[in-house]
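Enquirer: Sequence:
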Amino acid sequence: MEYHFKEIEQKWQRYWQENDTYRVEINHDKPKYYVLDMFPYPSGAGLHAGHPLGYIASDIYARYKTLKGFNVLHPMGYDAYGLPAEQYAIRTGQHPAITTARNIERYREQMDKIGFSFDWSREVRTCEPAYYKWTQWTFIQLFNSYYARDEQRARPVEELERRFATSGSSGLDAACTVELAFTAEEWKAKTWRERQEVLMNYRLAYLSDTLVNWCPLLGTVLANDEVREGLSLREGYPVVQKKMRQWLLRVSAYAGRLLDGLETLEWSESLKEVQRNWIGRSRGADILFEIAGREERVEIFTTRPDTIFGVTFMVLAPESPYASLLTTAEEAANVREYLAYAAKRTERERQTEVKRVTGVFTGSLAINPFTGESIPVWISEYVLSGYGTGAIMAVPGHDARDHAFARHFGLPIVQVIDDGEGRDVQEASLDAKSGRLVNSGFLDGQPVTEAIRRVIDEVERRGIGKGKVNYRLRDAIFSRQRYWGEPFPVYYKEGMPCPLDESLLPLELPAIDTFLPTETGEPPLGRARGWTTVEGYPLELNTMPGFAGSSAYYLRYMDPRNDEALVGDEALEYWDSVDLYVGGAEHATGHLIYSRFWNMFLHDTGRARRPEPFRKLINQGMIQGRSSFAYRLLTSADGEQWEATRVYVSREIAREAEQRGVEVLSSRLGEELAGVAAVSFQEIHVDVNLVKNDLLDMEGFKQWMPEYAGARFVTDNGKYACGHGIEKMSKSLFNVVNPDTVIEEYGADTLRMYEMFLGPLEASKPWDTRGIDGVFKFLRKFWRLFHAEGDFHASDAAPTRAEMETLHKTLKKVEQDMENFSFNTSVAAFMICANELTAARCDKRAVLEPLVVALSPFAPHVAEELWQKLGHAGSVTRATFPLWDEKYLVKEEFEYPVSFNGKVRFKLLAALSATPAEIEERVKAAPAATRWLEGKTIKKVIVVPGKMINVVSA
RNA sequence: GCCCGGGUGGCGGAAUUGGUAGACGCGCUGGACUCAAAAUCCAGUGUCCCUUAAAGACGUGCGGGUUCGAUUCCCGCCCCGGGUACCA
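-10 is the number of the first residue of the first sequence in the working numbering; add one for each residue after it.
Please keep in mind that the hints were generated in silico from the structure rather than gathered at the bench.
Be careful, since some hints might not be right.
Straight-line alpha carbon distances no greater than 30 Å define the calculated DSSO-like cross-link-like pairs of lysine-lysine that follow [stated by the list, open to error]:
1) K892 to K858
2) K717 to K770
3) K455 to K482
4) K896 to K858
5) K770 to K605
6) K232 to K482
7) K892 to K925
8) K344 to K422
9) K19 to K892
10) K892 to K936
11) K896 to K19
12) K936 to K913
13) K880 to K858
14) K231 to K482
15) K913 to K798
16) K231 to K21
17) K19 to K605
18) K801 to K929
19) K(-5) to K19
20) K333 to K232
21) K802 to K21
Quick list of simulated restraints, FRET-style, between CB atoms [unchecked claim]:
22) S271 to E483: 52 to 62 Å
23) E338 to K717: 45 to 55 Å
24) E14 to S753: 49 to 59 Å
25) A943 to T904: 57 to 67 Å
No residue lacks a Cβ here, since even glycine has one placed at the ideal position from N, Cα and C.
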């Protein structure tokens, strides 16, 4: 009986569905394990062969953990709100709900064919009211909370109100937009509206007028992680900075905990590093500078307070309120002109023209608090308003940007650190992180680290500043001017936002038929009838961004149908948090930051059991495409063959192409012809589905591209060999491999094993369909072990020692590889095993049955079929992963390679327990050794047990 | 610029508390079976020298070092990939 994968796979996929094989419930008799995939955004293109890589890996691990006796939660769902569906709706008028549902159906179909062990009864879709009810609910909790820095956790805003009523703002240590100071009496005197404005300054979800990333072509604002190099990440549209009133999440309040929490996680070092950089902690000091002849004092942030004696000027960001405040009448015109210039510059211009030095003098002088000297105050766009205080003390001697500025405007440069290399700071700045202080009064001779400490002490003693930690991480802009997203559960009273009563949740997204903004520039929700008011008050028209729905979906999977809570107590208690999370590294600064923030907040308020949601994280690499090329001849000329491109055609053909204008497509190898012409050509991407083993299906190609139907094909013995290259897998490059096609030809089990066999999970690697035969052959070979005589057969004979060694060697390797997520090498171990058992003609149940169980995570369909034929009722999922026995792996004697001074000369059979002296005797006695030992004396014998004997001779 | 990761046959990749480099697979070559093809099976396959074999030399990006022994450790470079950037 042959291996008919198609029948087998259909049969078992149906069985799993009918028997709810993968349904999982709370079971207190078993330890739990939670394996999570990053759920997909269902795009119109469907899955390509690269997408399931992570799903297959997590599925293999989930199945393995189940065999190991764990109660495994392995859910799947859809991140269904998003911009592409809405952009498509704007173009075609198709409602996003319809296209999204269609795409989901297609995704599900494709995933089902791969044979995943997902518990589909737990599926979630972020666009469904029963799901986003809890997204809205969490938003209200954020709105009603503030961050108590002294307690390092979120607290209810109500507490803040009570506190203000008794003691005003005094002694409050809370994360806020601006530091406020008021008394209890002042608080009590405020109107409702004024109080709301004060509270807004502290809420974790807050409304604020800030500079935001506005993308005019998308008609919406974007978060920082959605913008790269001044362009929108997905579409590449330009983004400008614009002051707008927007919802934000006070993610920055959690910056310190987000950073410190990384130390507790089993994530790759590189991913943690990306998050560390993104959060960007710098330690330094805030220091006040007095302004000559004025009341105002300007606060700056610096990480290098030690260099304060080298401060020769001060620079303000153009957006700093001090910029115009400190401008003198004489300089007013210049400053006005500069500020106008700076306001016009886009983010992208600023970023691409970093080397351009611009600035203007305000006319004011500040006082260096340590030297007492007057220093000019300048304005320049190289100082960012959003970081630190929007003002800096400039140390041109030891900062490259300050140096460039000083040189450009002829400002003085002073050296205050000497690193002993004797470089001239007038020429280039010396960005020394070590060295000793010079020209610095009481700091002279001090090393840098000590000087930093002393300056901070001195500044604090004099009450003109304090040590401070600054973060690069900004608050997340949380509103989007679009339709296809979660509505905010918010209405406006006296212009101030109020949360809806929780009993009104979910606030459902209304159906509309035009998805563009309204004529008055309102978000699309402005078009919805019956939407605009609740109890006579207007509703928020913005919707939430994509990351809102994906920030806590892992909690919802634990208890997806609960209508009373985001997740019920029992489910939360049992499932706890995600043990293994598998997904792409591209989410490092987006989803993986927001989720951690969101979860930490829920943890603070008792709705998550742990501060960190994802204990272990694996980033699967990208699978790249392997593009195929044909070569279209453009011109011809007599000459030498073109070695570099390996395109060979005859002069005759080249001339024919030239004269008659015939399209000529040359094979990579070309025809073997006497006369050869050098030609120039154009690479044409050929649909990889028309290419097998690099050979082109020429008839198929003509049909696929009718404009080449009349083309002349230059072949090599009738075969047309394509060139190839590794590129990103993309529709436009015709190199997309669809998993459905692979399954059709080889089956899901082969696809699963081949994706694992391609290389290490975390590495990106090219998809090359040519290699898949090897894995397919393995499965067929494995199948044939049971069908040596045609029908299924498994012998009850006792296995030989060699067969047991093969079995236990394989079990040990596979188990160890599983724990290390080294799936490619475990596939290799199975192949070796099958080769050895085939050679031994082993059909023994005692050997094969454990292998069926061990193989089942990789190739579940074929394993089920064999398990059933071996006489077991029910699914192989209920089996136990076989234990390996060391006794079959221990050898008493080893064949050691024997080396002389490091060079391997021969092999020697020696007992593991032999002493070096005994081994030395045997080496001397070995006939082959004599020629290597001639005239030499053995100095010592080094024995590495089980590995190597090295003889060191004089 | 800064930070992180990586460089091993024709290809994807194995192997590192320092111990036979190239597992496994693809590809290629030869053979068996076949009228033939496909499929399957068997053998070979880092480079050089060589009719072949034995033996040997070289070989994990480059140059040094430590060691009986280095793909693995140390120092100095080169190249590739990713992240990030007037963050003071």
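Enquirer: Would you mind marking each hint as holding or not holding in the structure?
Expert: Okay, the hints, checked on the actual structure:
no. : hint                     : result
1   : K892 to K858             : violated (53 Å)
2   : K717 to K770             : violated (34 Å)
3   : K455 to K482             : violated (40 Å)
4   : K896 to K858             : violated (45 Å)
5   : K770 to K605             : violated (36 Å)
6   : K232 to K482             : holds (23 Å)
7   : K892 to K925             : holds (15 Å)
8   : K344 to K422             : holds (23 Å)
9   : K19 to K892              : violated (54 Å)
10  : K892 to K936             : holds (14 Å)
11  : K896 to K19              : violated (50 Å)
12  : K936 to K913             : holds (19 Å)
13  : K880 to K858             : violated (35 Å)
14  : K231 to K482             : holds (26 Å)
15  : K913 to K798             : violated (34 Å)
16  : K231 to K21              : violated (49 Å)
17  : K19 to K605              : holds (21 Å)
18  : K801 to K929             : violated (35 Å)
19  : K(-5) to K19             : violated (35 Å)
20  : K333 to K232             : holds (13 Å)
21  : K802 to K21              : holds (25 Å)
22  : S271 to E483: 52 to 62 Å : violated (40 Å)
23  : E338 to K717: 45 to 55 Å : violated (29 Å)
24  : E14 to S753: 49 to 59 Å  : violated (38 Å)
25  : A943 to T904: 57 to 67 Å : violated (21 Å)
Hint check: violations occur at hints 1, 2, 3, 4, 5, 9, 11, 13, 15, 16, 18, 19, 22, 23, 24, 25; the rest are consistent with the structure.
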